[in-house]
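For reference, the chains in residue letters:
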Amino acid sequence: MRKQKAKGRLLPAAILIMFSPSVYAGGLFLCADNNAEPTDTVGKELGTLTVSASRTASPTASAIPVQSIDRDKMRTSGITDISDALRRMAGVTLRDYGGEGGMKTLSLRGLGSQHTGVLYDGVALSDVQSGQIDLARYSLGSIAGLTVNHGDANDIFLPARAAASAATLSITTLRAPSMLDENLQLTAGIKTGAFGYIAPSLYIGKSIGEKVSISASGDFTHSDNNFPFTIHNGPLTKREKRKDSDLNSGHGEINAAIATNPSGTLRLKFYGYGKKQHLPGPVILYSPPNNEKLSEGNFFGQVQYKTRLSDKWSLMANAKFNWAKTHYTDINTIYPDGRLDNRYIQREAYLSAAALYRPIRGLSFSYAADWFFNNMNRNITNDPKPRRNTVLQALAVKWQVWRLMLTGKGLLSLVYNSDADGKGGKKAQRLSPSISASIQPMEKVDFHVRASYKNIFRMPTFSELYFDHKGSINLKPEITDQINVGMTYGSPKGRIWDVTVTADGYMNLVRNKIVAMPYNMFVMTMTNLDKVRVLGADVTLNAGIVPWDKQKIILDATWSYQRAATRSSRDRLDWNKQVAYTPLNSGAVSLSWDNPWVSVSIHGTGCSARYATNLNIPSSRISGYFECGAAIWHTFRFHGHSLELRADLINALDKEYELVNAYPMPGRSWQASVTFNL
Amino acid sequence: MKKYLYLTAAAAAMFCMTACSDDNGPDDDDSDGKKAYQGAYVLCQGNQYNKIPGNLNLIDYATTTVSNDLFSLANNGMSLGDTPQCGVAYGSKIYVGVSMSSTIQIMNRSDYKYLKTITLPVEGVEGTQPRSMVAHKGKIYISMYDGYVARLDTLTLQIDKSVKVGPNPEIMALRDEKLYVPNSFGMAYMQNLPYGKTASVVDIATMTVTTTFDVPENPKEFINTTDGLYLLCNGNYSDAKAALYKVDKDLKCTEVAKAAMAAAGDDKIYIINQDYYSEEQNTYFVYDFSTKKVTPWEIKKPDYPSGLAYDKANKKILVSSYVMNGEYPSYDLPGYVNVYETDNSFSCQYFIGAGPTCFFFHTK
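Chains A and B, in that order, give the protein sequences. Mapping to my numbering: the first sequence position 566 is 580, numbers consecutive. Mapping to my numbering: the second sequence position 105 is 107, numbers consecutive.
Simulated from the structure, these hints should not be mistaken for laboratory data. Accuracy of the hints is not assured; some may be wrong.
[As the list claims (entries may be wrong)] In silico EDC-like cross-links for lysine to aspartate or glutamate, where the CA-CA straight-line distance does not exceed 20 Å:
(1) B:Lys254 - B:Asp205
(2) B:Lys53 - A:Glu672
(3) B:Lys260 - B:Asp229
(4) B:Lys199 - A:Asp351
(5) B:Lys53 - A:Glu670
(6) B:Lys166 - A:Asp351
(7) A:Lys545 - B:Asp229
[Claimed, not checked] Derived, one-sided and incomplete: chain B residues facing chain A with beta-carbon distance under 8 Å:
(8) Ser112
(9) Thr119
(10) Tyr333
The beta carbon of each residue, even a glycine, is placed where N, CA and C say it ideally should be.
Take the sequences, apply the hints, and build the full model.
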């Protein structure tokens, strides 16, 4: 029984490793300091950007597990694309359909990708159709940092929506530069590589007077994606190339920051993205040609206003409008007119307001209220036209006393679904609590013990509720509970070596998990059937040593254990078996030597075997893998400018592996880039 | 008990043999394929999306054994391809149509050794994604899901001609040198369009469509019987229910019974029904040609039927089934085939691969 492959959306991931130590220096990261309350006047806030170290902020003080990869880390760890970056983090399971255009979705700690919220410069991205964000489109060329939070961020001054997911990935981009810096800022890079890959990118930023700063950035990616792979069929092995897999995509955005009186900042962003690609489809024995094409367009504009009214009060407002179009065609003679032509349009309007109140030192309260409206339609007659109104309110308190930090949050969600034909769908009203605590037992030792709990849910997606299934409009939300206990250690500063270690153990529970089940002999239906329990551990290690001046040796390692068990019913054959596509063990390691001559990095990622089925049927086993690579680079500096030359070797041992059944990952390949910073 | 079933099935797949009785000795190498005269081939589709391969199995009634995964075991682990859909055993060969791979695999009937793969479409002849096969007078006729009926010559092993039908033809029947082809338009749901409501008649001598006639919604399978031609239609999975129709000489269809699956016996039709909008258990009926009445078919019921066939030569009724995983059938676990005698008594249960849906028997 073959179910039609999940619309095998394969997307781009333009890549450009650029290094710009002086310009955006590390500090742009959302997570850079999770304890940071907005002390910002514009000048101060932006000013800090140029000062902070280019090293990822220490995660030790955080009450929840936080992992960050900034631009500098990407450079020194030999990270080549967003998929590679995420696989370096602990607790991450990535589904990657392979190659530059292959769809990449992120699930965290066994929860399923629809539980991962993705924030783009602080504002949530959404896809109400599938409920998951394809990360392939985010090119490292425009990314300043990536942060993964398991649970609610320590910063409580956030839109309510930031707490609406079990875990979040925050993508921070290269935004408007500091107003204190009057020079034109420019970064231009071009990256090329195997399989017809080329990706130029450009960033320009300038402050205009003391009140306004603007920037524009853009990148383009072309890839043929015709990488070779091997088909095994009993005694026969055949070397083939991925066909019908080419990709063109581009992204551009304009950012502006305007200082307002008395101490406010207005930030504007306009974003546009376009893509056209062929979808290669799964590898089928004697692969018949695949004539699926996908094009996507996405525009959004977002505005953020943040101001500090007094020592006690700060306010923030966000607004966004998003429009996204997906056009899928399949030229195939099984359709009477020879083609299937599906166009989907999604829209979102979003408003958010938040206030922060600090009555006394160390104690702060916040309240945030968000409203968003989503709708979707398809170019097919008699199709449902679903829409959804969501109102979220979050009340949070944070108390820092002695060496203790306590945070509590309650999120009240009201969700109303409807369909233009009057079909309803369950409305959801839920109160979702979260608490976290971190304590530093010894004053002079950067050692923390932390614990957190979060309860949250995800709404069924429009696809699950309305499309191609029978009787699914009564689906209930999928509910998760997360408990984390961990400890962190950071070595004293100011030595020639430093070490940061974090170790966390967790239990995640999923109830009412939405799964497709046979309704009868011919039709599948979506039901709230499954329960999952994940017991896991994440360990991260970051160690650095400065043996001589201008040299640094850095070791990064992560290890994750995820025992994700289906525990729906003891009467079922999948009772306590490992959830499909969740490896028991996964990890990554990188070792780099940054020096004035030729810097070097070697790195590897891997995971143990997985099954494509929840039943763990032997034939559905997908072998584990360990894949390694290397990078060398050198930065020329002249008159305050810099030019970096870089070469990356990917999958150096030509390991055959898959992250999704029948979608091979590329074997050994190379990339090279040139990046210029004015 | 269920766990036991699963383990048994897994063991069956491993050792390529399972039995109802305990006295099954080693399988004698029966190179002329006589066994097939007293047996049935079962094709399992597998579930390639979840990395579960399809395979070919042979049930032997006499020894009450089943040989699993014949093709792979005879060919060093070679796979039939993605989603084996239909097959025939004809002359000295077995032909299997593999729909997602869009191939026809040809092997020896005696030892299942690989002979040839026909990759579709072949040059100059349209037709891909095999859906059903009929063997007759040295030719094999194959309905192709992209809207063709193709002809394969069993001497040259070439596809030499095809004729346009469709959209999305399903399981054909041969009667009086004519092929009756149900045009299901099964892909209609992708565009919210109505399912197909026509059938084509193909004259096999000339390979031309002589007539196209109206039928109820979503025709799935023509069934040739001693009582004339019958047609199974799946309906629209909504208000139009799946049903079995009698097709009269003027090609008019009259409903006989609600039915999701049907197989013609010597003097009756065996029927399994399931109402799409209820979660009611599957129901079992027989329609008697002489009394023209539908009566309950009293058999020991399988878990969740996936296929139904009647073996004329051996007078056995075969019902394939998924196994249950909790309250739902599993499309991933190995299924089984229940064999019944014509007096409705249960004969034997055989464990096979995942997604057992297609049966075929020896054809002279």
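Does Thr119 (chain B) hold up as a contact with chain A if the rule is Cβ-Cβ below 8 Å? Since chain A brings a Cβ to about 7 Å from Thr119 (chain B), closer than 8 Å, the hint holds.
Lys166 (chain B) and Asp351 (chain A): Cα distance at most 20 Å? 14 Å, holds
Going straight from one Cα to the other, do Lys53 (chain B) and Glu670 (chain A) come out at no more than 20 Å? Given that 20 Å is the threshold and the Cα spacing comes to 16 Å, the pair holds.
Tell me if the straight-line CA distance from Lys254 (chain B) to Asp205 (chain B) falls inside 20 Å. With a Cα-Cα distance of about 19 Å, the restraint between Lys254 (chain B) and Asp205 (chain B) holds, given a limit of 20 Å.
Taking only the CA atoms, is the gap from Lys545 (chain A) to Asp229 (chain B) under or equal to 20 Å? Violated, at about 52 Å.
Need the status of pair Lys199 (chain B), Asp351 (chain A): alpha-carbon distance at most 20 Å? 17 Å, holds
Does Tyr333 (chain B) hold up as a contact with chain A if the rule is Cβ-Cβ below 8 Å? 5 Å, holds
20 Å limit on alpha-carbon distance, applied to hinted pair Lys260 (chain B) and Asp229 (chain B): The hint holds at about 18 Å.
Taking the closest Cβ pair, is Ser112 (chain B) under 8 Å from chain A? Constraint on Ser112 (chain B) not satisfied, violated at 20 Å.
Given the hint that Lys53 (chain B) pairs with Glu672 (chain A), test it: the Cα-Cα distance must not exceed 20 Å. 12 Å, holds
Consistency note: the structure conflicts with the earlier hints numbered 7, 8.
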